[in-house]
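Quick mapping for you: the protein sequence lines, in order, are chains A and B.
Counting along the first sequence from 1, when you hit position 157 you're at 489 in the numbering used here, and nothing is skipped either side.
Counting along the second sequence from 1, when you hit position 274 you're at 342 in the numbering used here, and nothing is skipped either side.
Honestly, I wouldn't trust all of these hints.
Simulated crosslink set (EDC-like; lysine to aspartate or glutamate; CA at most 20 Å straight-line) [unchecked claim]:
1) B:Lys330 - B:Asp176
2) B:Lys131 - B:Glu347
3) B:Lys500 - A:Asp554
4) B:Lys330 - A:Asp514
5) B:Lys194 - B:Asp176
6) B:Lys500 - A:Asp409
7) B:Lys313 - A:Asp409
8) B:Lys194 - A:Asp422
9) B:Lys313 - A:Asp514
10) B:Lys492 - A:Asp409
11) B:Lys500 - A:Asp514
12) B:Lys499 - A:Asp423
13) B:Lys174 - A:Asp423
14) B:Lys499 - A:Asp409
Calculated from the structure, these hints are not laboratory results.
For clarity, every value in this text was computed on a predicted model and none was experimentally measured.
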Amino acid sequence: MTVQQSRGSLPIEDSPVVSDRHRREPSRASAYVDAHFRKIFLTPAVFFVVVMMVFPVIYTIWLSFHRWSGGVGVTPDFIGLGNFRRLLTDDPRFWAAARRTVLFTGLAVSVETVLGVAIGVLFNREFMGKGLFRTLFLFPMIATPVAIALVWRLMYEPSSGVLNTLLRYAHLPRSDWVASSDNALLYLVLVDVWQWTPLITLMTLAGLAALPREPFEAAAVDGANGWQTFRAITLPLMRPVLVVAITIRMIDALKTFDIIFVITEGGPAFASETLNLFAYSQSFQYQNLGYAASVLTVFFAIVVSAATLLMKFRTRTAE
Amino acid sequence: MRRSFSYQSRVLGAVTAALLLLGTAACGKDSNDKKAAPAGTAAGGAFNWQKHDGKTLTLMFSKHPWSDAITPLLGDFTAKTGIKTKVESLPEAQFRQRVQVEMTGKSDVIDVFMTAGQNEGAKFAKNGWYEPLDGYLADTSKVAPDYAAADLSPGVLTGLTFGKKLTALPISLEVEMLYYNKRLFKDAGVSVPTTYDELLDVAAKLDNKGGARAIALRGKGAASVTQFSAFLFGQGATWTEQSGKAAFATPEGVKAFETYGKLAREYGPPGAINRSWEEGLPMFQQGQVAMWIDAGAFMPKVMDKAASKVVEDVGFAPMPTGPGGAVQAYNGWGIGMSPFSKNKDAAWYFMQWATSPEIVGKITEAGIPGGRTSATFGPRFPADWVQTYTKAIGEARPQLPAVVSVGESRDAIGAAVVAAIEGKPVEPAVKKAETEFNRIVETAGG
Chain A
333 MTVQQSRGSL
343 PIEDSPVVSD
353 RHRREPSRAS
363 AYVDAHFRKI
373 FLTPAVFFVV
383 VMMVFPVIYT
393 IWLSFHRWSG
403 GVGVTPDFIG
413 LGNFRRLLTD
423 DPRFWAAARR
433 TVLFTGLAVS
443 VETVLGVAIG
453 VLFNREFMGK
463 GLFRTLFLFP
473 MIATPVAIAL
483 VWRLMYEPSS
493 GVLNTLLRYA
503 HLPRSDWVAS
513 SDNALLYLVL
523 VDVWQWTPLI
533 TLMTLAGLAA
543 LPREPFEAAA
553 VDGANGWQTF
563 RAITLPLMRP
573 VLVVAITIRM
583 IDALKTFDII
593 FVITEGGPAF
603 ASETLNLFAY
613 SQSFQYQNLG
623 YAASVLTVFF
633 AIVVSAATLL
643 MKFRTRTAE
Chain B
69 MRRSFSYQSR
79 VLGAVTAALL
89 LLGTAACGKD
99 SNDKKAAPAG
109 TAAGGAFNWQ
119 KHDGKTLTLM
129 FSKHPWSDAI
139 TPLLGDFTAK
149 TGIKTKVESL
159 PEAQFRQRVQ
169 VEMTGKSDVI
179 DVFMTAGQNE
189 GAKFAKNGWY
199 EPLDGYLADT
209 SKVAPDYAAA
219 DLSPGVLTGL
229 TFGKKLTALP
239 ISLEVEMLYY
249 NKRLFKDAGV
259 SVPTTYDELL
269 DVAAKLDNKG
279 GARAIALRGK
289 GAASVTQFSA
299 FLFGQGATWT
309 EQSGKAAFAT
319 PEGVKAFETY
329 GKLAREYGPP
339 GAINRSWEEG
349 LPMFQQGQVA
359 MWIDAGAFMP
369 KVMDKAASKV
379 VEDVGFAPMP
389 TGPGGAVQAY
399 NGWGIGMSPF
409 SKNKDAAWYF
419 MQWATSPEIV
429 GKITEAGIPG
439 GRTSATFGPR
449 FPADWVQTYT
459 KAIGEARPQL
469 PAVVSVGESR
479 DAIGAAVVAA
489 IEGKPVEPAV
499 KKAETEFNRI
509 VETAGG
């Protein structure tokens with residue numbers, strides 16, 4: 333309809349014959365659009381998802397059943413479940429990396445959640461300079477991970493880094509920081525906590541702003557103290573928001589690459605090698621592309637199942 | 069008339085343009101085709117430096133004294149041949165990865181790249197990532213009359229030959245050696261260690277004297293493996309058996325790991341396991357350590373007054389003697405051509421220019437030896453360095469195990485070096501590296 337109206341102003345419409353012909357065509361086209369507009373409008377998005385997401389995932393899964401190295405000119409060699417057998421039964425480096433991935437994610441996300449919620453609740457109160465503090469607090473999250481990782485690497489340097497200099501001023505024994513295979517992962521968790529606690533805080537603040545006032549007023553009338561209000565009212569009401577926040581953070585933490593790669597490259601030895609770093613080594617350092625694909629397939633399964641579990645938890649608590 | 073003339077000229081113009089286009093297309097094809105190129109020249113196969121005038125080459129370099137020395141000379145190459153060059157220079161680890169990624173994707177971005185035969189030669193050759201050079205070297209129309217190919221060190225050429233194909237031309241041959249600070253040695257009243265036991269002893273005496281730690285060693289996993297090799301050979305152990313399986317987890321091998329670990333942990337600056345030569349070099353240059361064990365190729369850097377505070381105090385010594393003898397270890401770099409290059413003949417011109425007697429002479433003078441047997445050491449070379457180098461070069465062993473997946477093996481062995489430096493139980497770590505090494509050899513390529 334609208335197509336025909338807009339065409340009406342064109343001079344060519346003056347001739348009834350021509351206009352007839354021209355009217356029929358757009359009307360056919362517009363009829364088609366009318367009948368299929370859902371499909372038509374969805375096409376670009378579907379196309380994008382297929383090309384950028386579905387295809388790579390399927391291709392990676394396909395590749396994980398092959399042995400492939402030596403470049404794009406070499407045909408991948410089908411070996412069935414060979415890669416997975418080797419990965420799951422005969423590769424201690426994979427299992428160690430998997431354990432580290434879970435440890436890194438678990439530690440980082442739990443510390444971030446506790447700290448993030450606490451700071452969010454604090455920022456929800458009125459105090460002097462609240463706006464300024466809130467803005468400052470978000471800065472780590474805005475910074476580029478590679479840039480802040482470089483800064484942390486310099487700070488962690490055992491001989492000339494600022495952290496050991498501070499320890500010396502405080503008359504404390506110096507630390508090797510990330511130059512120790514026992515603690516490297518912990519200090520990487522610290523960087524992640526520094527950067528991503530603000531995200532939990534931000535989501536907490538958004539959630540708190542949306543809470544109803546009545547339960548809090550009722551609790552105040554009943555004489556509940558701050559901790560009781562928090563435990564019995566704030567936290568349960570906030571649960572759906574927190575589950576989403578934790579899910580987002582967890583997926584992100586599982587696939588952390590930049591800060592680990594820049595600060596330790598997965599080292600010393602393999603002490604901070606997570607699954608992502610392991611897959612990176614297998615693909616880009618060793619060119620074991622089929623094997624790397626099988627690592628990523630397993631990793632993909634882990635991420636999807638963890639996210640599904642958490643979302644189940646959310647729907648159950650929401651009911 | 070006018071009109072028809074103009075019409076004719078237009079037609080002529082169009083035809084000429086079409087012919088020109090065809091011509092250039094044919095020329096382009098010619099210069100890419102190795103066989104057709106010499107026939108097309110008027111001189112009928114005579115060598116001509118200007119033949120590939122106007123081409124542009126991309127050179128992929130690792131940060132290394134050789135690339136530092138050749139880069140300022142590239143203007144001479146362009147003046148001589150008309151071939152322009154674009155240099156990309158990256159730190160070693162990133163460089164290796166970049167080359168591999170480009171080769172995996174069959175990219176024609178790189179024309180010439182630095183390559184360490186011991187490290188990636190077998191793998192690259194297996195994957196077909198080197199343009200074989202024998203044909204170029206044998207073709208008189210492509211080799212300058214004064215190139216003197218016979219002067220390229222035959223031993224090094226053998227090391228760069230895989231599957232009977234020459235994969236690269238030698239540019240640098242480096243021997244592992246002990247750099248020491250004569251002033252700090254004199255102050256502590258110690259002399260140059262000649263055995264590994266003496267090395268530990270001297271390190272203990274030097275440590276924390278004159279504001280310096282005793283020794284800097286590479287400790288960053290894979291990067292340390294090359295410099296650890298002399299320790300291993302010195303104890304009488306080797307990387308592999310005849311079968312290709314790991315042979316370094318013997319009691320002698322474990323002793324080598326222990327010695328290396330103890331030196332770095334007790335007598336070196338903290339954080340050794342995060343360091344390679346990039347960190348060790350400035351420590352030695354600044355006089356923060358009394359000894360440094362690394363490739364002799366860094367001599368020009370240590371003797372550079374602008375960067376080094378220890379120019380007057382530097383001494384060089386061979387690797388100490390152990391129960392396995394006074395075993396020296398070497399590594400070498402070459403330049404290879406990408407098989408996916410679109411400018412192979414021009415790339416070959418660069419390669420022969422960079423390894424020509426004239427340029428190798430200049431580079432050797434700058435302190436980087438190894439290209440040619442005839443190159444003489446200039447006045448820039450300290451006498452004790454030359455003595456250490458020439459004595460070692462005849463008998464030195466390759467630093468890295470001769471396997472296909474060197475990178476992966478280096479990571480496995482490097483983990484044991486890290487454990488040794490951290491003071492963890494050495495034997496289990498070495499056994500673990502052995503298991504991992506054998507697994508890598510068995511499953512090479514995945």
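Outcome of the hint check:
1. B:Lys330 - B:Asp176: violated, 47 Å
2. B:Lys131 - B:Glu347: holds, 14 Å
3. B:Lys500 - A:Asp554: Roughly 64 Å separates the two Cα atoms, so the pair is violated.
4. B:Lys330 - A:Asp514: holds, 18 Å
5. B:Lys194 - B:Asp176: holds, 19 Å
6. B:Lys500 - A:Asp409: Violated, at about 29 Å.
7. B:Lys313 - A:Asp409: Violated - the C-alpha atoms of A:Asp409 and B:Lys313 are around 25 Å apart, more than 20 Å.
8. B:Lys194 - A:Asp422: It is violated: about 26 Å lies between the C-alpha atoms, which goes past 20 Å.
9. B:Lys313 - A:Asp514: Judged against 20 Å, a Cα distance of about 30 Å means the pair is violated.
10. B:Lys492 - A:Asp409: Answer violated: B:Lys492 to A:Asp409 is near 41 Å, above 20 Å.
11. B:Lys500 - A:Asp514: With a Cα-Cα distance of about 18 Å, the restraint between B:Lys500 and A:Asp514 holds, given a limit of 20 Å.
12. B:Lys499 - A:Asp423: holds, 15 Å
13. B:Lys174 - A:Asp423: violated, 30 Å
14. B:Lys499 - A:Asp409: Status violated; Cα separation ~32 Å.
When the structure is compared with the earlier hints, violations turn up for hints 1, 3, 6, 7, 8, 9, 10, 13, 14 and for no others.
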